[in-house]
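Enquirer: Here is how the chains run, residue by residue.
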Amino acid sequence: MRSRTFLLEIVMIAVAVAFLFPVYALVTLSLKDPGQISQAPLALPNPPTTANFGEAWSAAALGPSLMNSTVITVASLIALIGLGSFAAYFLARTATRLGYALYVLFLLGIVLPFQLGMIPLYGLVNDLGLIGTHTGMIVFYTGIQLPFTVFLYTGFIRALPREYASAAQIDGASHLTAFTKVVFPLLRPITGTVLILNAVFIWNDFFTPLLYLGGSGFETVPVSVFAFVGQYVSDYGLVFAGLVLAALPIVAVFLVLQKYVIKGFSSGLKG
Amino acid sequence: MTLTTLPVETPPAARTRRARPLAGLSPSWLFAVPALLVYAAVVLYPSVVGVVYAFTDWSGVGEDMSFVGLSNFQAILGDEQVMGSLGNTLLLTMAILVVQNGVGLLLALGVHARLKSRALLRVVFFAPVVVSPVMVAFLWKYVYTPDSSTGLNGLLGLEVDWLGDPSVALWSIAGMVVWQYAGYSMVIFLAGLEGVPKELHEAAMIDGAGTLQRFRYVTWPLLAPALTINLMLSTIGGLKLFDQVFAATNGGPGYATETLSTVLYKQAFVFGKFGYSTAIALVLALFVAAVSLIQISYLRSREVAQ
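Just so you know, the sequences run in chain order A and B. Per full-length UniProt numbering, the very first residue in the first sequence carries number 1; after that it's consecutive. Per full-length UniProt numbering, the very first residue in the second sequence carries number 1; after that it's consecutive.
These are computed hints drawn from the structure, not numbers from a lab. There's no promise every hint is true.
Stated by the list, open to error - Pairs of lysine to any residue residues, derived as SDA-like cross-links and limited to a Cα-Cα distance of at most 20 Å, are as follows:
no. : chain 1 : residue 1 : chain 2 : residue 2
1   : A       : K181      : B       : P253
2   : B       : K266      : A       : L255
3   : A       : K259      : B       : A119
4   : B       : K266      : B       : V283
5   : A       : K259      : B       : S117
6   : B       : K266      : A       : K259
7   : A       : K181      : B       : S26
Next up, chain B with everything else stripped away, as it sits in the complex (with noise of 0.2 Å):
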């Protein structure tokens, strides 16, 4: 998952915003030089080679590797499987979205609230976000056991197979991922919480405000700056999610769990289809930066709004 942030630190002492430079005392552009290279090298060179390479039937072994216009994009409005897993990567990243901000906000109210336990929940819930998503799969996976013994199953009483319906795996997967992350989208709203000012809160009080009005017209106004970011963590790790899917199920049972990063991976890896993986790369590169952009100006203008 690629982590996006705003700028946020109080550096010391923050004062001059965009004064400008006296001549001579603007550093040298060789400063970003060695950056730039790196970057370059790693993101941007094969960014644009990826790119040429979607328009290709390029199968990875040797030179051979011819232009084909547009028909690796024609092929895979065409490839149920690839169709199919852009529908899924749709799904589940709509379900992860809605599932963890939805648990992330109600667990940051709760925590919130002056509890004595309040230190070490937020720690509880927080802590399976710093361990590897593959780790977490695994364990889920034993959690999702249609055994109806032990897991989930044993500690219900159900007799559910989590991974092995196909019309169930898809939303398991978003179970797994939300039970890992939702502790990411708390700290996020806490951190929007601690912002709201107490004043505000005993105004409302004062004038008759209950419970609910005083969150539906004081603090959620104020939380948009952390539903940005919270929307946008989750879009897009959403969009791109690979490793919970490859470790627990593989895309599987039949396709029912395919996101467009595994069908990616298996157009190049295992098929060599190294021209067409790229083109359906290019897709999911085109969605991301759609959904950013979309979400980045809308709510930013509901920010300005209020």
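Isolated chain A (complex conformation) (with noise of 0.2 Å):
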């Protein structure tokens, strides 16, 4: 049994070194000048220079990209969770037609592909003059990632007993400030899963962003890459340094925060 658990412990660590690949690949190219990487593309670099990556970061406006990419992911989440667990109490707690109907409305949501209003919404926001903006992309993935969050809110919400609010309000509080006060602290474990899954996914969209922001000089860090990788396709040394630092943020929240990140993840079986 031991020398079983051993063996796979091997195949293991044998598999995750060849999943690495690409990521040393990555890596070491960022590494290099362009003579060590025509000579030797695959070894270690020698000497490593970080010349690439300065360049990079200015060549791929990284620093105006990565405070976009935040003000978006930030705005948008906020809206999310207010406006998603406002009306998820109201979904979860009525047991009226129109309450039904209403929570397989948002439901629906999830199942639309977004390419077939695309059109119809980039007139309206175009007509709005919000094409080029942060605001229109806020309100874009707030209400795009509705009912995902409503969803998961609602179901936590029908899980946790009333008593917590009626209890709020035979003290005289109002559902306002029952939901505010009691309730919501305690949607604590389901708002960190819809704060790390919507997080992941405004944080790395990629159509919306080219369309809406393409040009503006409020791109977000997915569409810089792009512009910036398809102006200096040839140069790999400064495009994966470009790679390297655009990725950096979010794999780094991700290492500090793996835990939460993975139970956020897999969640949808413990139920």
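Hints in hand, dock the two standalone chains.
Expert: Shown next, in the form of structure tokens:
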């Protein structure tokens, strides 16, 4: 039994090493100058150079785009958590037909591909003058991720005893106060899941920001990287330095919060 | 990729499920109004208008638009590029579905064993999930270089034109998607494995069941919920695949890697055929809805049966 576990450990580590080959290429190439890349592309950088990173940082406009991504992601998350938990509180606690119909209407949004409304929505956002703005993207992400957010919150609130809110209301609190002061703090576990899943989606989303923000100067990280790679396509050292810098923030956050991130992504089973 | 999971967490002291609300104690419907307004403006209204556009010849310029009945859909049936992209999308989805979940399950079984490196392995395999698919595609574009001195060819001593050979390119795209998301399937299977009671394994062992038998008769049936979620996620993700194709091949060589999402993008924003593009989007929507419904009902019945 022990030797079998040991053998499995060796196999799994070998699989992980093979799995990391693209990451090895990414990191080593970013540390090489063009001469080293053409002569020994897969060798370790000798000597390593960090020149690519400074150039990639400014060429890919990573400073401003990290700022844009942060503003858009944080604002969308606040709106999603506020609106989503509010709506879910009604949907979970009502027994009316209207409530049920509304819940089904929200669930429909999980299945609908956004491409169906892509063109009419572009027209609408354009008419409102929101193309190329943070506001346009924040409203978009709030709307597009609300169904999923409402779904998660509603499921959680339904399993939460009503007595918490009732007790507060008997003490004279309004529904609003009972929700914000008593119920919302109890939603912390699901709020964490909502935060993580939506943050990863919004941070990495590409198609809509390309459409709405391309060329505006307010590009998010994936859109900036796309333009940057298109421009410097054959200079792999520079391109990969840009990819390393662009991926670093979210990978760092993942490594710090790995327990919660993996739990958020793997949830859906214990109920 | 849209994220779809079932509700999960156990709230503090879960007890009353659907107790009848006391009169006046249910929150007002006004709580749902702000969310409903944003959702209606961003999703519902544009989708309804989109369905209408699918039956028109709108070019996106001006008000000039007339209803053309089903002719967009007839055109789709006769359009080699669109039908080809539909075939590609279905093949890609099947390949991703089978390989990603197969690899994910094997990784989960490996990591679930009592290995010293299990925590580290889990982080390594999951890490690509949090990175932007566009960036992963650019990285893999290099890994898939036709140059035999580097990339995958250099590593394995091959001379394959991974993204340039029309008969290989689609599978290469599937490969990079599986590399990025196998860890996602893995963590969902892992959560399922952690829910299998140890006593069941012990009982089966006492009855003389071997490793494979225990997997087949104890673990596998209890993994049904995890399998349901994984199949749903990879199918819907595969059907909507856009970023990876757009960044790595832009549908090429020829139309070899064109998917429904890249084709409808080009029809709208390159050729200005907005009505036609939306008709393709409607076809995509019907596929996603049909597959979701079939999978939910089939897998639910399987869960109940076992």
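Enquirer: Decide, hint by hint, whether the structure agrees.
Expert: Each hint, compared with the structure:
With a C-alpha separation of about 58 Å, the suggested pairing of K181/A with P253/B is violated against the 20 Å cut-off. At most 20 Å may separate the alpha-carbon atoms for a hinted pair to count; K266/B and L255/A exceed this at roughly 38 Å. A hinted pair counts as satisfied when its Cα atoms are at most 20 Å apart, and K259/A with A119/B qualifies at roughly 10 Å. A hinted pair counts as satisfied when its Cα atoms are at most 20 Å apart, and K266/B with V283/B qualifies at roughly 16 Å.
Annotation: proposed proximity of K259/A to S117/B holds, straight-line Cα distance about 15 Å (limit 20 Å). Straight-line distance between C-alpha atoms of K266/B and K259/A comes to about 40 Å, which puts the hinted pair past the 20 Å bound. At roughly 16 Å between alpha-carbon atoms, K181/A and S26/B fall within 20 Å of each other, so this suggested pair holds.
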